[in-house]
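Visitor: Chain residues, written in single-letter form:
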Amino acid sequence: MENSHIVSRYDKNLGRIQSGILDMGDLVISQLRQATDALDNFEADTADHLIGTDRAVNGMYKDIYTRAERLIALRQPMALDLRQALAPISIASNLERIGDHAKSTAKRARLLAGQTPDPALFAVIQKMSGMVQAMLSDVLRAYDDSDTNLAADIRALDPEVDQLNKDVFATAVAAIEKAPDRAETYIHIILLARGFERVGDHVVNIARDVHQIVTGEDLKSADSIN
Amino acid sequence: MEHAFITARNASVFYGDKQALFNIDLDIAANKVTALIGPSGCGKSTFLRSINRMNDLIQTCRFDGSLQIADQEIYDPAVDVVALRAQVGMVFQKPNPFPKSIFENVAYGLRIHGLAASKSELADRVEWSLKSAGLWNEVSDRLDQPGNSLSGGQQQRLCIARTIAVEPKVILMDEPCSALDPIATAVVEELIDGLRKKYTIVIVTHSMQQAARISQRTAFFHLGNLIEVGATKDVFTNPREEQTQNYIMGRIG
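Sequence order for the protein chains is U and S. Residue numbers for the first sequence follow numbering that gives the first Met the number 0, beginning at 0 and rising by one. Residue numbers for the second sequence follow numbering that gives the first Met the number 0, beginning at 0 and rising by one.
Here are the simulated DSSO-like pairs of lysine-lysine, each with C-alpha atoms no more than 30 Å apart in a straight line: (1) Lys31/S / Lys197/S; (2) Lys118/S / Lys168/S; (3) Lys232/S / Lys11/U; (4) Lys232/S / Lys219/U; (5) Lys93/S / Lys197/S; (6) Lys93/S / Lys168/S.
Between beta-carbon pairs, the in silico distance windows are: (7) Ser148/S / Ser3/U: 45 to 51 Å; (8) Arg61/S / Asp217/U: 43 to 49 Å; (9) Ala122/S / Asp217/U: 52 to 58 Å; (10) Asp200/U / Leu222/S: 47 to 53 Å; (11) Asp63/S / Asp200/U: 58 to 64 Å; (12) Asp144/U / Glu241/S: 16 to 22 Å; (13) Ser3/U / Asp63/S: 34 to 40 Å; (14) Asp217/U / Asn147/S: 49 to 55 Å; (15) Glu189/S / Asp166/U: 57 to 63 Å.
Hints are computed from structural coordinates only; laboratory data are not their basis. The beta carbon of each residue, even a glycine, is placed where N, CA and C say it ideally should be.
Construct the entire structure; sequences and hints are all you get.
Guide: Structure, rendered in structure tokens:
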């Protein structure tokens, strides 16, 4: 923010919300990484740890929501200030949902631990996870820097994640037809890929929020009209 | 924007040697509330007072340029200022009822402008005005009581009733709620929203939230210049000018 607010506490309160988003984002990225690692090398402690951090993530969401609500109620911000106060509620909600996907992945890792893996499909899942983690890390940077170009680059990456999800689905369905006795394993794999595809969608939502904060333009409604 | 009811072109106002308004071009639409906002001394009240030539009362004040209401040049020397002010009513910051009864406060303007042919017509028009100002139900049983016996919010609605009694085309409001509590403010704001169906309303307010709530168009003034005018929803969500954004967000420009 180039110009400081006359009420200095306003900038301080907004700064706390913004740093809360970055902290929450970092925690969610580490959740995704740990959940993905658990697919390779499952340890019961990891899943328990992730369930614990999910509670922390939910608490961070509530904290950001409460701070943003208070800022809006007490300061009645306008224009860019209003978007900066409102967007964290949406961003934190998307981060919280990504945290839920990480938890689901860890639970699925527990279910898959005793089963024979499919190395080729697992490699695709790992790739999807790596991609969405990088996208999430970048979108947090775009948020911190109000960088709409970076936010646009991130949105452009999502179709690739979607395509990997479709590839996993097609390969898994073909594998089930060949080996119906392993259907359960492949269904878990389909759901894992679907989970990371949804994470990509949440990252895109955050990238749209970044665009809207800076420009005031609502890409979500523009996309739904087109 | 649709056809403007009030049109300012190259409008400048001077107090002696000091220029208070610089070449303002502004169109004000009929049946809409237009809010004039800006920091103290920005010229918004000077502009408001130019619309009914209230500035004429200040000897050193001089107007340059054009200001038309319904295509009539109001600074034309042939214009009858008293008749103009009947067409362009004004409500002030502080409620200022006359030291007369509630009835007489409203009847006074009707009498001096000869707008009621009989006692019963006068009573009907007073009743209509008080009803239009949303005050009738609260005062109908005590019309002979002094106007200044009413609460602040009621007094302001009495002043609005007095203004609309003479059926103006335009109502100017200079911070009409700044002396009122939040409930009285909400009642007056609701009234303003109803009145715009019949009148063209221009309001000066220091409350950004009030401007956002009650106006359809907003004009931002700064240091005697019109910086930006547009639909209120745009000005308060995504203003075009950085100066506007800094002001409405309470940031130092």
